[in-house]
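In order, the protein sequence lines correspond to chains V and E.
Here the first sequence is numbered in our numbering, starting from 1 and rising by one per residue.
Here the second sequence is numbered in our numbering, starting from 474 and rising by one per residue.
Honestly, the hints are just simulated from the structure, not real lab data.
Treat the hints with caution; some may be incorrect.
In silico DSS-like links for lysine-lysine, alpha-carbon gap of 30 Å or less [stated by the list, open to error]:
hint: 1; chain 1: V; residue 1: 159; chain 2: V; residue 2: 111
hint: 2; chain 1: E; residue 1: 609; chain 2: V; residue 2: 2
hint: 3; chain 1: V; residue 1: 2; chain 2: E; residue 2: 579
hint: 4; chain 1: E; residue 1: 667; chain 2: V; residue 2: 2
hint: 5; chain 1: V; residue 1: 8; chain 2: E; residue 2: 663
hint: 6; chain 1: V; residue 1: 193; chain 2: V; residue 2: 111
hint: 7; chain 1: E; residue 1: 636; chain 2: V; residue 2: 52
hint: 8; chain 1: V; residue 1: 178; chain 2: V; residue 2: 191
hint: 9; chain 1: V; residue 1: 194; chain 2: V; residue 2: 104
hint: 10; chain 1: E; residue 1: 609; chain 2: V; residue 2: 240
hint: 11; chain 1: E; residue 1: 579; chain 2: V; residue 2: 8
hint: 12; chain 1: E; residue 1: 559; chain 2: V; residue 2: 52
hint: 13; chain 1: V; residue 1: 2; chain 2: V; residue 2: 52
hint: 14; chain 1: E; residue 1: 609; chain 2: E; residue 2: 636
hint: 15; chain 1: V; residue 1: 8; chain 2: E; residue 2: 559
Since the structure is predicted, the reported quantities are computational estimates derived from the model, not experimental observations.
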Amino acid sequence: MKNRQIEKALQNAVNGAPSIPFAEIAAMPFVRMPEHDAITEQRERKTKVQIKQFVLAAACCLLVLVSMSGWLLQNRMTDSVITLDVNPSIKISMNQRDKVIGLKSLNNDAKEIVRTIDFEGMSIQELVQTLVFAMVEHNYLAPDKNTILLTVSNRKTGKADRILADLDDIVRDSLRSKNIAPTILKQAISKEKKLSELADKYHISEGRMRLIQGIISSSGEFTMDQLVTMNLEQLYRIAKEYNIDLSRFITIDTEDEGKSEENTSVNENNNNLHNNRSKKWDDREKIEVPKEDTTEKDKYDSDKEKKEDSKINRYDGFENDKEHNFYRNKDDDQEDKDNSKENKQQNKNKKKKETNKNNHTNGKSEGDQGDAEEGDQDKDYDKGSYNNHDLEASKLNGNILTEDNEDGDKGEDTEDKDNKDDNWGDADSRINNKDRHRNVQDSDEDNDKPSSETYSSGENTDKESRDRENSED
Amino acid sequence: MEFMILFCAIVGPEVPNLHKYRKLNIDEEIFRKIAQNDMAAFEELYHLTERSVYSFALSILKNHEDAMDILQETYLKIRGAAHLYKPMGKPLAWIFTITKNLAMSKYRMTSRTAAISTEDLAEDLSYSYVNDQEDKLVLRAALSILDMEEREIILLHAISGFKHREIAEHLGISLGTVLSKYHRGLNKLKKHLKEQGVLG
């Protein structure tokens, strides 16, 4: 029996039951009710209640969804992406609250570093510091391998810049603590789908891809396949060799001011140097002054020491500063002239020819030397040498160059030649840095000595001139 | 020949469909007329709804006499409260509400005063007015083994021809409940009838 048959049987049975005739119902007495009782009360349709309940439930769900999505957006969604490139390429993801939510290795070198780090609970600053230290431990960062590319990607450029500046300080301080003078290439980029797709395709970071694209567009001599296999050090070297102005799309921040100046502003922005002096001065003061101060203080008298230190610091701060050197040489020339005047007064009664000769030899030769120094310096800028410190130090010794300083200059020239052969030699530059410090110390030591030597040499020249006069007489 | 058969099928006499129910389209205006003592309107309402009200009362009380009492009381209540009726779009729902309230009241009163003996029940369930034996067995099975809501839904669907959605609206329960109880009740009934040897 089917459902319909059952229903039909029920229909037949009920319809067969006797019913009350309408006349009987109509004849029955009834009470006209003044109001509804419990039996006749009309109820609100439940559907309305159900709709209300449904709407309420839907609103609650919506509220939960909105709050969940807000929570997800703030905590689980990636807001900023930071990539650190040395040779290991590491990608760090941050949420809107600047909390680290992801750490990923982008190449095999990075895997061994990332594997050892548990970023849970770490702030971005701590994580970056840990990564930098790990790279130093694994010898990816060393005094001779000091280039690091720091890229921050965020939709808001202001936020990206802020994070970049913060991390730049962290990286710099971390590497300084390991006695590494870093060259930090940094860039803040907005999220680009094409760039990230291309970076994923070649298994490199977006930051490195951006750098590669910049090099390709600037030089036009390389292909993507050639450059993607190179590490950051090699890319940077290529950019230097082909005189690619990286500053157009990347900020280069070097510990050695000479490097950055060479890249960006020597040829173009001499005026800016003047404006940047105070900044450089501050940086220099922070970086180099304490070491030299401590050595100097032990050696010399306090008054003298202060004067000398102030000189050193000032000139250190303006090393490679072409414009300053220009003024500096002018001052030197002026002092030379003054000295020559004194000599003239002392030798008033002597022969004019002799004094003129002396003046000529002292002043002009020194002036020539000064010019020569300027010339050397210009050459150094052009060649990409960062070792003008000796020149500055030699100037500190006074107007008269000692033989040591001249040797120092010669040494510089040879180093410049080396640099010419290998424009980007970090090892060389590191060695040069060391030499430079030595030279500074030497020059400082000389600085005191020559002050007496200067007079003695001056006296010697006077004596010689007198002897000559006497012999002539 | 085939054309002849097709022609006869189209033009031939219409076969009466036993399962075609009268659509209960009740205008709410009818209650205003009843309130004004319009007997024609009252009679119209009675003839339209009498079987549905009876079957609904029977599904609750499982007794013909009690169902007849409730039927009578329901129409007296409608007549007495027609002027109080507020049009809400579902006149049948109001009628079924009155029927259910009266039947439940009766059911509670009966169960409190005296327990119905099995003999009385057996006598009552004899349904002598039902001529067909099979129909009688089906009705007895439905009233004995199904629970109240299953009886209400199956009888309203079978006798009044209400759709499940309409039953849900009239009884104020969800469509899902109506559907599940309808199918569960029918399956229970089929199983019982099969065990009784009614179904082949």
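Each hint tested on the structure:
| no. | hint | in the structure |
| --- | --- | --- |
| 1 | V:159 / V:111 | 28 Å, holds |
| 2 | E:609 / V:2 | 17 Å, holds |
| 3 | V:2 / E:579 | 34 Å, violated |
| 4 | E:667 / V:2 | 11 Å, holds |
| 5 | V:8 / E:663 | 13 Å, holds |
| 6 | V:193 / V:111 | 25 Å, holds |
| 7 | E:636 / V:52 | 25 Å, holds |
| 8 | V:178 / V:191 | 33 Å, violated |
| 9 | V:194 / V:104 | 20 Å, holds |
| 10 | E:609 / V:240 | 105 Å, violated |
| 11 | E:579 / V:8 | 29 Å, holds |
| 12 | E:559 / V:52 | 22 Å, holds |
| 13 | V:2 / V:52 | 40 Å, violated |
| 14 | E:609 / E:636 | 24 Å, holds |
| 15 | V:8 / E:559 | 36 Å, violated |
When the structure is compared with the earlier hints, violations turn up for hints 3, 8, 10, 13 and 15 and for no others.
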